[in-house]
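As you go down the protein sequences, you meet chains A and B in turn. Just so you know, we're using this note's numbering here: the first sequence kicks off at 195 and counts up by one. Just so you know, we're using this note's numbering here: the second sequence kicks off at 7 and counts up by one.
Hints may contain errors.
Just some of the chain A residues that point at chain B, by a computed CB distance under 10 Å [said to hold, decoys possible]:
id: 1; residue: GLY234
id: 2; residue: PRO255
id: 3; residue: PHE258
id: 4; residue: ASN271
id: 5; residue: ALA274
id: 6; residue: GLY278
id: 7; residue: ASN295
id: 8; residue: GLU296
id: 9; residue: PHE298
id: 10; residue: GLY302
id: 11; residue: THR306
id: 12; residue: VAL307
Derived CB-CB ranges, DEER-like [said to hold, decoys possible]:
id: 13; chain 1: B; residue 1: GLU9; chain 2: A; residue 2: GLU246; range: 48 to 56 Å
id: 14; chain 1: B; residue 1: ILE71; chain 2: A; residue 2: GLN211; range: 15 to 23 Å
id: 15; chain 1: A; residue 1: GLY197; chain 2: B; residue 2: PRO14; range: 39 to 47 Å
id: 16; chain 1: A; residue 1: LEU277; chain 2: B; residue 2: LYS113; range: 18 to 26 Å
id: 17; chain 1: B; residue 1: GLU11; chain 2: A; residue 2: ASN253; range: 13 to 21 Å
id: 18; chain 1: B; residue 1: GLY63; chain 2: A; residue 2: ALA274; range: 22 to 30 Å
id: 19; chain 1: B; residue 1: SER51; chain 2: A; residue 2: ASP256; range: 39 to 47 Å
id: 20; chain 1: A; residue 1: GLU246; chain 2: B; residue 2: PRO14; range: 40 to 48 Å
Source of the hints: derived by calculation from the structure; they are not laboratory data. Ideal Cβ placement from N, Cα and C applies to all residues, glycine included.
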Amino acid sequence: DAGVTQSPTHLIKTRGQQVTLRCSPKSGHDTVSWYQQALGQGPQFIFQYYEEEERQRGNFPDRFSGHQFPNYSSELNVNALLLGDSALYLCASGIAGGGGNEQFFGPGTRLTVL
Amino acid sequence: KNEVEQSPQNLTAQEGEFITINCSYSVGISALHWLQQHPGGGIVSLFMLSSGKKKHGRLIATINIQEKHSSLHITASHPRDSAVYICAVSGGYGGSQGNLIFGKGTKLSVKP
Chain A
195 DAGVTQSPTH LIKTRGQQVT LRCSPKSGHD TVSWYQQALG QGPQFIFQYY
245 EEEERQRGNF PDRFSGHQFP NYSSELNVNA LLLGDSALYL CASGIAGGGG
295 NEQFFGPGTR LTVL
Chain B
7 KNEVEQSPQN LTAQEGEFIT INCSYSVGIS ALHWLQQHPG GGIVSLFMLS
57 SGKKKHGRLI ATINIQEKHS SLHITASHPR DSAVYICAVS GGYGGSQGNL
107 IFGKGTKLSV KP
């Protein structure tokens, strides 16, 4: 049983560009949450997708958008990249209504913006 | 003030030592999570608990809901335990049941 997978592993972009990150949830999971982790900090919640809709959102600008597909996989899109968007982007999957919100994390995508 | 505070930020121990990492939170929660993050980024869930105590191998996690405090203990520490340990809380506040709020993590280094 594959766990949560993310692609790509690493990515280098320049300011102003756009980027798409991808996540496949653990088998049997139907929610996908995205987190941004800056160097030396704990992860910060970006948003969560369930039933192909954004259900909750953290304190991130509209440049950050996402999508969930019928197979529960998800994409995170970031437009007009800024240097400050450089971070590890983590995807986590879970089961809607799962008590306590247990989430399983992917290995992350490290984005560097030059 | 962060909603989830961890201490210490950094911890160096000798192999075999008993280690304690603390976590305090200021919001209502449905569960508290202890996570482990190795260099390179991947996060592994160690425990999810809402009351009492859980044990898995050399790891023990406790939570005191009234005091809004949790501890992660590692017995007989080993160099392979070196990692960042992160406390996170979920649910029970402001409708934000879908996400986790994380502490900044405790970087543990166990020397042989």
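Results of checking the hints against the structure:
1. Taking 10 Å as the C-beta cut-off, the interface hint given for GLY234 of chain A holds, the closest approach to chain B being about 8 Å.
2. Hint status for PRO255 of chain A: violated, given a least beta-carbon distance of 17 Å to chain B, over 10 Å.
3. Because the closest C-beta pair between PHE258 of chain A and chain B is about 14 Å apart, greater than 10 Å, the hint is violated.
4. Restraint check, ASN271 of chain A versus chain B: the minimum CB separation of about 19 Å is more than 10 Å; hint violated.
5. A hinted interface residue such as ALA274 of chain A counts as satisfied when its beta carbon comes closer than 10 Å to some beta carbon of chain B; here the least separation is about 24 Å, so the hint is violated.
6. Residue-level restraint check for GLY278 of chain A is violated (minimum Cβ-Cβ distance to chain B is 18 Å; threshold 10 Å).
7. Below 10 Å, beta-carbon pairs count as interface contacts, and ASN295 of chain A has one with chain B at about 4 Å; its hint therefore holds.
8. A hinted interface residue such as GLU296 of chain A counts as satisfied when its beta carbon comes closer than 10 Å to some beta carbon of chain B; here the least separation is about 5 Å, so the hint holds.
9. For PHE298 of chain A, the interface hint holds, since its Cβ comes within 10 Å of a Cβ in chain B; the closest pair sits about 7 Å apart.
10. At its closest, the beta carbon of GLY302 of chain A sits 4 Å from a beta carbon of chain B; the interface hint therefore holds under the 10 Å criterion.
11. Given hint, THR306 of chain A at the interface with chain B, is violated; its Cβ is 13 Å from that chain's nearest Cβ, farther than 10 Å.
12. With its C-beta approaching chain B no nearer than about 17 Å, VAL307 of chain A sits outside the 10 Å limit, and its interface hint is violated.
13. A C-beta distance of roughly 30 Å is found between GLU9 of chain B and GLU246 of chain A, which places it outside the suggested range of 48 to 56 Å.
14. At about 46 Å, the CB distance of ILE71 of chain B to GLN211 of chain A disagrees with the hint of 15 to 23 Å.
15. Checking the proposed 39 to 47 Å range against GLY197 of chain A and PRO14 of chain B shows it is violated: the Cβ atoms sit about 30 Å from each other.
16. Restraint check, LEU277 of chain A to LYS113 of chain B: a C-beta distance of roughly 25 Å satisfies the suggested window 18 to 26 Å.
17. Checked against the hint of 13 to 21 Å, the pair GLU11 of chain B and ASN253 of chain A passes, with Cβ atoms roughly 19 Å apart.
18. For GLY63 of chain B and ALA274 of chain A, the hinted distance range of 22 to 30 Å is not satisfied, since their beta carbons lie about 46 Å from each other.
19. At about 31 Å, the beta-carbon gap between SER51 of chain B and ASP256 of chain A misses the expected band of 39 to 47 Å.
20. For the pair GLU246 of chain A and PRO14 of chain B, the beta carbons lie near 43 Å from each other, so the given range of 40 to 48 Å is met.
The earlier numbered hints that this structure contradicts are 2, 3, 4, 5, 6, 11, 12, 13, 14, 15, 18 and 19.
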